[in-house]
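Turn these sequences into a full structure, and let the hints guide you.
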Amino acid sequence: MKNRLRELRQERGWSQGALADELEVSRQTVNALETERFDPSLPLAFKIGRLFSLPIESIFLDEWSQ
Amino acid sequence: VLDKSKPVMHALHMTNKLDTPRKVEKGMSRSERENAKQFAKEFVPVVVLYTASISITTRMGHGTTAKQWLAVLLPMIPVLLGVWIIRRHILRLDEYAQIQTYKAIAVSFALSMVACVFCSLIAFADLNLSPMLVFAPFLVGTSIWGVLSCVFLNR
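The listed protein sequences derive, respectively, from chains A and B.
The numbering of the first sequence is our numbering, which starts it at 4 and goes up by one.
The numbering of the second sequence is our numbering, which starts it at 2 and goes up by one.
Note that these hints are calculated values from the structure, not bench results.
For glycine and all other residues, C-beta sits at the position ideal for the given N, C-alpha and C.
There may be inaccurate statements among the hints.
Short derived list, chain B residues pointing at chain A, Cβ under 10 Å [stated by the list, open to error]:
(1) Gly28
(2) Ser30
(3) Asn36
(4) His90
(5) Leu94
(6) Ala98
(7) Gln101
(8) Asp127
(9) Leu154
Printed below as a string of structure tokens:
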């Protein structure tokens, strides 16, 4: 699934490691999310949304609605 | 800790050092470090227990059937404890790491089974190779699991 995670992280000047710490996941997980090799579970997607103060659908892009 | 007081940086202030395409950043995150520390705290005593049980049963000797069974069953207690601790460790991993670990376990399980069949065929053929050959499936399984876990997580 396409997402804007890398773009949002870079806008805020955060490193992958710092984002991983905030989400309580490994840096590899952040990397896998950013490179779209892994789609997060709903709890993790909500956590990401809360961290960026954005709704899930503005971070993870639904290809069916495009 | 993230600086959330300034939620969005201006594009001019962005640095390509933060643009980490793959494997640029090294090191473990806080949750990984905590998991690794907890795993070591739980697993090291089990290794000590295993070593102690082997040394006790070896010193006791295998004179009687009861002693032989003791030599078999006593080391199995730390072995089972170790399995339980590894299970706890996997459950503490984040969802991506868990999936990669399960994939590695699946492949290593399949190859362990192949090694089991191979060892059985050697026994059926009366080839009488080393008695340590019974450990081959274990060695195949654990080493492939370890290597694949690293490969899957870091690719």
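Each hint, compared with the structure:
Because the beta carbon of glycine 28(B) sits about 7 Å from the nearest beta carbon in chain A, less than 10 Å, this interface hint is met. Hint on serine 30(B) holds. Least Cβ distance to chain A is approximately 4 Å, under the 10 Å limit. At its closest, the beta carbon of asparagine 36(B) sits 9 Å from a beta carbon of chain A; the interface hint therefore holds under the 10 Å criterion. This hint is violated: histidine 90(B) has a C-beta 13 Å from the nearest C-beta of chain A, more than the 10 Å allowed.
Interface hint at leucine 94(B): satisfied, since its Cβ lies 8 Å from the closest Cβ of chain A, which is below the 10 Å cut-off. Checking alanine 98(B) against chain A by beta carbon gives a least distance of about 5 Å; that is within 10 Å, so the hint holds. Interface restraint check for glutamine 101(B): the shortest CB-CB distance to chain A comes to about 8 Å, inside 10 Å, so the restraint holds. At about 48 Å, the closest approach between the beta carbon of aspartate 127(B) and any beta carbon in chain A exceeds 10 Å, and the interface hint on this residue is violated.
At its closest, the beta carbon of leucine 154(B) sits 5 Å from a beta carbon of chain A; the interface hint therefore holds under the 10 Å criterion.
The structure fails hints 4, 8 (numbered hints given earlier, in ascending order).
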